[in-house]
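2 protein chains.
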Amino acid sequence: MMNWLDAVKWDRDGLLPVIAQEALSGDVLMFAFMNREALQRTVESGEAVYWSRSRQRLWHKGEESGHIQKVHEMRLDCDQDVLLLKITQLGHAPGIACHTGRHSCFFQRYENGAWVAVDPVLKDPEHIYK
Amino acid sequence: MMNWLDAVKWDRDGLLPVIAQEALSGDVLMFAFMNREALQRTVESGEAVYWSRSRQRLWHKGEESGHIQKVHEMRLDCDQDVLLLKITQLGHAPGIACHTGRHSCFFQRYENGAWVAVDPVLKDPEHIYK
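Residue numbers (numbering that gives the first Met the number 0), protein chains in the order written: chain R, 0 to 129; chain Z, 0 to 129.
Hints should not be assumed to be uniformly reliable.
Because identical chains cannot be distinguished in the list, a pair is counted as satisfied if it fits within a single copy or across any two copies.
[What the hints assert, rightly or not] Using 20 Å as the maximum straight-line C-alpha spacing, the simulated SDA-like pairs for lysine to any residue come out as follows:
hint : residue 1 : residue 2
1    : K122      : A6
2    : K8        : W114
3    : K8        : R35
4    : K85       : D26
5    : K8        : Y109
6    : K85       : A113
7    : K85       : N111
8    : K69       : S24
9    : K8        : F32
10   : K8        : R52
11   : K85       : W114
12   : K85       : A116
13   : K85       : V42
14   : K8        : S51
15   : K8        : I127
16   : K85       : S24
17   : K8        : E36
18   : K85       : G25
19   : K122      : P93
20   : K8        : A113
21   : K85       : V115
22   : K85       : I67
23   : K69       : P93
24   : K69       : G112
25   : K122      : F106
Keep in mind the hints are simulated off the structure, nothing from the lab.
Please build the complete structure, drawing on both the sequences and the hints.
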């Protein structure tokens with residue numbers, strides 16, 4: 000029987016793209032990557048653990064901000080190379096997933112040839128990251 | 000003023016990861032890539048045009064299957080390197096986004112150390128791709 004971690008088609012950098020969706024609202028909150036260890040730790044802890052490409056280390060989401068993601072469900076796509084997480088975004092109500100202090104990272108809407116920030120900052124990032 | 004296409008941070012292959020979410024249900028249907036021309040054509044046509052990495056060509060989603068994606072909204076993330084599309088999945092009710100004939104590509108749920116296909120095939124792929 001194939002190990003569930005081996006069933007994943009890791010990319011050339013050993014990473015897996017991950018979409019985090021808020022379970023209750025259906026809002027897509029963020030996009031990040033996991034490596035094998037991050038995925039294993041996510042399953043073990045029930046909280047989202049990513050691989051930070053910029054810092055080149057495991058990143059337990061919320062470790063600094065307190066904005067932990069509780070994982071309810073994980074779904075792999077047809078090609079086994081993208082993961083969808085159904086999560087609850089903890090630490091603030093409404094949930095803050097974005098480092099800019101917004102609910103979702105996808106706050107820039109295309110409008111007539113420009114990207115316009117349309118969602119409010121819920122908490123000043125200076126107060127999120129002390 | 001920066002061109003909206005130049006504001007996108009294209010990856011080392013000139014691509015942008017794209018998440019397609021069904022506008023009405025909030026379901027995440029698929030994940031794909033766009034290059035610059037695909038994004039421009041998506042805006043011009045109002046229908047999702049991707050870059051097929053396997054076929055190395057533009058891929059107007061639904062060109063063979065009829066499962067066109069009408070685009071209602073496009074959102075860029077905080078790092079300008081991931082795009083979220085709010086779409087209506089046309090051609091079948093309920094919408095079929097996956098080449099396996101399922102509603103969503105994310106049909107394999109993690110259950111106790113295994114990935115289990117939990118969503119039904121809505122239409123036999125042999126009848127989708129004649």
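Checked hints:
In this assembly of identical chains, K122 and A6 lie within 20 Å of each other by CA distance neither inside one copy nor across copies; the values are 39 Å within and 25 Å between. Taking the closest pair of Cα atoms, K8 and W114 come within 20 Å of each other only across two copies (13 Å); inside a single copy the shortest separation is 33 Å, beyond that limit. In this homomeric assembly, K8 and R35 come within 20 Å of each other (Cα to Cα) only inside a single copy, at 10 Å, whereas the closest approach across copies is 26 Å. Within a single copy, K85 and D26 get their C-alpha atoms as close as 10 Å, and across copies as close as 11 Å, so both meet the 20 Å cut-off.
For the homomeric pair K8 and Y109, the shortest alpha-carbon distance between copies (15 Å) is at most 20 Å, but the shortest distance inside one copy (32 Å) is not. Taking the shortest Cα distances, K85 and A113 sit within 20 Å of each other only across copies (17 Å), while inside one copy they are farther apart (30 Å). With identical chains, the CA atoms of K85 and N111 are at most 20 Å apart between copies only, with a shortest distance of 16 Å across copies and 32 Å within one. Taking the closest pair of Cα atoms, K69 and S24 come within 20 Å of each other only inside a single copy of the chain (14 Å); across copies the shortest separation is 22 Å, beyond that limit.
For the identical chains of this complex, K8 and F32 are neighbours both inside a copy (13 Å) and across copies (17 Å), given an alpha-carbon limit of 20 Å. Proximity of K8 to R52 under the C-alpha cut-off of 20 Å is found in both arrangements, the shortest distances being 18 Å within a copy and 15 Å between copies. In this assembly of identical chains, K85 and W114 lie within 20 Å of each other by CA distance solely across copies; the values are 15 Å between and 27 Å within a copy. Only between protomers do K85 and A116 lie at most 20 Å apart by alpha-carbon distance; the minimum there is 16 Å, versus 25 Å within a single protomer.
In this homomeric assembly, K85 and V42 come within 20 Å of each other (Cα to Cα) only inside a single copy, at 13 Å, whereas the closest approach across copies is 29 Å. Taking the closest pair of Cα atoms, K8 and S51 come within 20 Å of each other both inside a single copy (19 Å) and across two copies (17 Å). Within a single copy, K8 and I127 get their C-alpha atoms no closer than 35 Å, and across copies no closer than 26 Å, so neither meets the 20 Å cut-off. In the homo-oligomer, the alpha carbons of K85 and S24 lie at most 20 Å apart both inside one protomer (10 Å) and across protomers (15 Å), since each shortest distance falls under that limit.
Proximity of K8 and E36 under a CA criterion of 20 Å is satisfied intra-copy only: 14 Å inside one chain copy versus 27 Å between copies. In this assembly of identical chains, K85 and G25 lie within 20 Å of each other by CA distance both inside one copy and across copies; the values are 8 Å within and 12 Å between. Taking identical chains as interchangeable, the C-alpha atoms of K122 and P93 lie at most 20 Å apart only when both belong to the same chain, with a minimum of 10 Å there against 38 Å between chains. Proximity of K8 and A113 under a CA criterion of 20 Å is satisfied inter-copy only: 14 Å between copies versus 35 Å inside one chain copy.
When the C-alpha separation of K85 and V115 is checked against a cutoff of 20 Å, the pair qualifies only between copies, where the shortest distance is 16 Å, while the shortest distance within a copy is 27 Å. Taking identical chains as interchangeable, the C-alpha atoms of K85 and I67 lie at most 20 Å apart only when both belong to the same chain, with a minimum of 13 Å there against 26 Å between chains. Proximity of K69 to P93 under the C-alpha cut-off of 20 Å is restricted to the intra-copy arrangement: shortest distance 14 Å within a copy versus 30 Å between copies. Taking identical chains as interchangeable, the C-alpha atoms of K69 and G112 lie at most 20 Å apart only when they sit on different chains, with a minimum of 18 Å there against 37 Å within one chain.
For the identical chains of this complex, K122 and F106 are intra-copy neighbours only, at 15 Å inside a copy versus 35 Å across copies, given an alpha-carbon limit of 20 Å.
In this structure, the hints that do not hold are numbers 1, 15, in rising order.
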